[in-house]
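Undergrad: Position chain H relative to chain A; hints supplied.
Spelled out, the chains give:
Protein chains: 2
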Amino acid sequence: MSSQILNSINHQKIEHTPIWLMRQAGRYLPEYREIRAKAGSFLNLCKNPELATVVTLQPLKRFDLDAAILFSDILVIPEAMGMELNFVENEGPKFSNKIMTEQDIDNLDLNDMLAKLEYVFAAIKNCKGELNSTPLIGFSGSPFTLACYMIEGGSSKDYVNAKRWLYNNPELSHKLLNKLSDAIIQYLIKQIESGVDIVMLFDSWGGVLSDAAYLEFSLPYLEKILKNIPQVNHLGSKLPRIVFTKGGGLWLNKISAIGADVIGLDWNINIGEARTIVPANIALQGNLDPVLLAIGDRNALKKEVTRILGSYRAANGFNNTGHVFNLGHGVLQITNPDNVAYLVDLVHELSRA
Amino acid sequence: MSSQILNSINHQKIEHTPIWLMRQAGRYLPEYREIRAKAGSFLNLCKNPELATVVTLQPLKRFDLDAAILFSDILVIPEAMGMELNFVENEGPKFSNKIMTEQDIDNLDLNDMLAKLEYVFAAIKNCKGELNSTPLIGFSGSPFTLACYMIEGGSSKDYVNAKRWLYNNPELSHKLLNKLSDAIIQYLIKQIESGVDIVMLFDSWGGVLSDAAYLEFSLPYLEKILKNIPQVNHLGSKLPRIVFTKGGGLWLNKISAIGADVIGLDWNINIGEARTIVPANIALQGNLDPVLLAIGDRNALKKEVTRILGSYRAANGFNNTGHVFNLGHGVLQITNPDNVAYLVDLVHELSRA
Numbered sequence: 001m002s003s004q005i006l007n008s009i010n011h012q013k014i015e016h017t018p019i020w021l022m023r024q025a026g027r028y029l030p031e032y033r034e035i036r037a038k039a040g041s042f043l044n045l046c047k048n049p050e051l052a053t054v055v056t057l058q059p060l061k062r063f064d065l066d067a068a069i070l071f072s073d074i075l076v077i078p079e080a081m082g083m084e085l086n087f088v089e090n091e092g093p094k095f096s097n098k099i100m101t102e103q104d105i106d107n108l109d110l111n112d113m114l115a116k117l118e119y120v121f122a123a124i125k126n127c128k129g130e131l132n133s134t135p136l137i138g139f140s141g142s143p144f145t146l147a148c149y150m151i152e153g154g155s156s157k158d159y160v161n162a163k164r165w166l167y168n169n170p171e172l173s174h175k176l177l178n179k180l181s182d183a184i185i186q187y188l189i190k191q192i193e194s195g196v197d198i199v200m201l202f203d204s205w206g207g208v209l210s211d212a213a214y215l216e217f218s219l220p221y222l223e224k225i226l227k228n229i230p231q232v233n234h235l236g237s238k239l240p241r242i243v244f245t246k247g248g249g250l251w252l253n254k255i256s257a258i259g260a261d262v263i264g265l266d267w268n269i270n271i272g273e274a275r276t277i278v279p280a281n282i283a284l285q286g287n288l289d290p291v292l293l294a295i296g297d298r299n300a301l302k303k304e305v306t307r308i309l310g311s312y313r314a315a316n317g318f319n320n321t322g323h324v325f326n327l328g329h330g331v332l333q334i335t336n337p338d339n340v341a342y343l344v345d346l347v348h349e350l351s352r353a
Numbered sequence: 001m002s003s004q005i006l007n008s009i010n011h012q013k014i015e016h017t018p019i020w021l022m023r024q025a026g027r028y029l030p031e032y033r034e035i036r037a038k039a040g041s042f043l044n045l046c047k048n049p050e051l052a053t054v055v056t057l058q059p060l061k062r063f064d065l066d067a068a069i070l071f072s073d074i075l076v077i078p079e080a081m082g083m084e085l086n087f088v089e090n091e092g093p094k095f096s097n098k099i100m101t102e103q104d105i106d107n108l109d110l111n112d113m114l115a116k117l118e119y120v121f122a123a124i125k126n127c128k129g130e131l132n133s134t135p136l137i138g139f140s141g142s143p144f145t146l147a148c149y150m151i152e153g154g155s156s157k158d159y160v161n162a163k164r165w166l167y168n169n170p171e172l173s174h175k176l177l178n179k180l181s182d183a184i185i186q187y188l189i190k191q192i193e194s195g196v197d198i199v200m201l202f203d204s205w206g207g208v209l210s211d212a213a214y215l216e217f218s219l220p221y222l223e224k225i226l227k228n229i230p231q232v233n234h235l236g237s238k239l240p241r242i243v244f245t246k247g248g249g250l251w252l253n254k255i256s257a258i259g260a261d262v263i264g265l266d267w268n269i270n271i272g273e274a275r276t277i278v279p280a281n282i283a284l285q286g287n288l289d290p291v292l293l294a295i296g297d298r299n300a301l302k303k304e305v306t307r308i309l310g311s312y313r314a315a316n317g318f319n320n321t322g323h324v325f326n327l328g329h330g331v332l333q334i335t336n337p338d339n340v341a342y343l344v345d346l347v348h349e350l351s352r353a
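So the sequences go chain by chain: A and H. Numbering follows our numbering, in which position 299 of the first sequence is assigned residue number 299; successive positions increment by one, without gaps. Numbering follows our numbering, in which position 111 of the second sequence is assigned residue number 111; successive positions increment by one, without gaps.
Here chain A stands alone, though its shape is the one from the complex:
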């Protein structure tokens, strides 16, 4: 398989800077909302391989994207380990039984997990059957990010409960994070066997930690996962691994040392400066502000895309390779799909010039 995104990650010659968008399959698309309504609930949609395949492919039908990302959710792992998960409209995910004691950690069941997640692997095989040469990205949440949701029971403002665990019970926290890492390794190995071409680790909440806490409770587990999943796909080709810590711009030199092939950037950091910090053999992914995509007029979008592409190029010997264009976080629900179409074509056009 040869593609613009794999070539760019492998620092080979590209025709244009490849682009895909975090949460490119989602609520901003009317055709997604239709399927979501049909499925009855968000979790039903994740668990239905046929419908999950349809929504995975929807954005690729509309936009000239360079990769697909499997439609799923990071919380299917704790759900498959026995936690009861609900997605409450406008409130996000909720676990009715949060992790509060060591017994709760011991109760997390790894034995049945992969069998329960069979719907994910079935969706991957379906997608691969439909995608031809477009790479499919598989993913998982990071151990720390999953632990946050499992301890808080849902989203959180200050992560008081999760941090109470880390600060006051570091040994138990490590026990939970190790168990989650083992689960994620099994899950990603099976995703790779099922056919994904790239894997990505979403450390969505790593950026809420202090420097010391990030280096103790998040980064080592990202490294553990990278060390224990294959570096080649089921056909024996190189399989790139993307690591994204939102709010992790200060730790790029440390993230560079754990074995990632691509580092995801949020919009806080100047991508040209990131290019000078991250070793040249590691590609960069990012980093448009998702709010700009949602509400920006074309003039504003063009100005910022030009700046990002130019900043990368200038720091990379006037060469676009090694860059995967993306947002700095997921597509917002309020985004007009016409803006997405404009962005995708714009990135291709400006980077070809």
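Honestly, the hints are just simulated from the structure, not real lab data. Among the hints, a few may not be true.
Note that identical chains are pooled: a pair holds if it fits in a single copy or bridges any two copies.
To be verified - Taking lysine-lysine and the DSS-like style, the derived pairs with C-alpha atoms no more than 27 Å apart in a straight line are:
#1 Lys116 to Lys175
#2 Lys303 to Lys224
#3 Lys94 to Lys157
#4 Lys175 to Lys302
#5 Lys157 to Lys175
#6 Lys303 to Lys94
#7 Lys254 to Lys179
#8 Lys98 to Lys157
#9 Lys128 to Lys303
#10 Lys13 to Lys238
#11 Lys128 to Lys238
#12 Lys179 to Lys303
#13 Lys157 to Lys303
#14 Lys125 to Lys254
#15 Lys302 to Lys157
TA: Frame of chain A; chain H shown alone:
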């Protein structure tokens, strides 16, 4: 006036690392809640110089803090310019008339502003009369942070409305930010004339911006303010100016160039690394995670305080001077005051050793 905090900021010999805490006067203190109830509303409390003085001094009665910070709110400026402000219980500040058009900017009234803010200057004079040698910190929100609240009408998750202004209407945004800068300059000059010993600019939301947007819409206005307020107090002594952009760890080298005497750090950055980035003549303030203060046991608190003090010292030639201990953001409401007492004494004790 000589004090540990002024000595530390001026890189002179200190007996211990000085400490004060953002939002040290506030809802975590039962004696504050009593006065707040008496005042009827948060805004009434801000507008009553006698009661504002009482709550400013409350934490100094309990804890061995090295500075007082005037009890007030950053939103008194837009309120004094004619915007209708309410603090809704558990929802935070709300403006009933948000900034939506150029006419709304033109309607902001600078002429009566200082007269309306007389209660602030009266509270400063009261506090100074009570404080003896403990320095009093005056403050303002940054132009960008005030603009966020004024455009959003309150707090926000993604700052969609504020960013719509910045991205799609940069000229009008600059008009608003310039007008706010002028207001802040007048306000801080009057605070200084009234007797504050230190001033601090809170750029609480600068960290939600992209690198390019921060450099265009926040940093230049912080610089404009620093260039236009006195560098000496009403008695002719040096008056330090603290700049704090929450989430601004990636921009320390740029913040260092605008004329601040102290740079505030949130808890994301390693303070020792910050010390190597920021020129030696600029002091650093920070940077304990406020959640740790709220929920940490003594063992966890001691471990992290030891780490922060040690990290600073090691990067500063094994010398504590130039460091002002603080949190990386305000004291959380759920904080146990006993933890604050423990922290203040711990910082003093460990830094004396």
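Undergrad: Quick check: which numbered hints come out false for this structure?
TA: The structure conflicts with hints 6, 9, 14, although it agrees with all the remaining ones.
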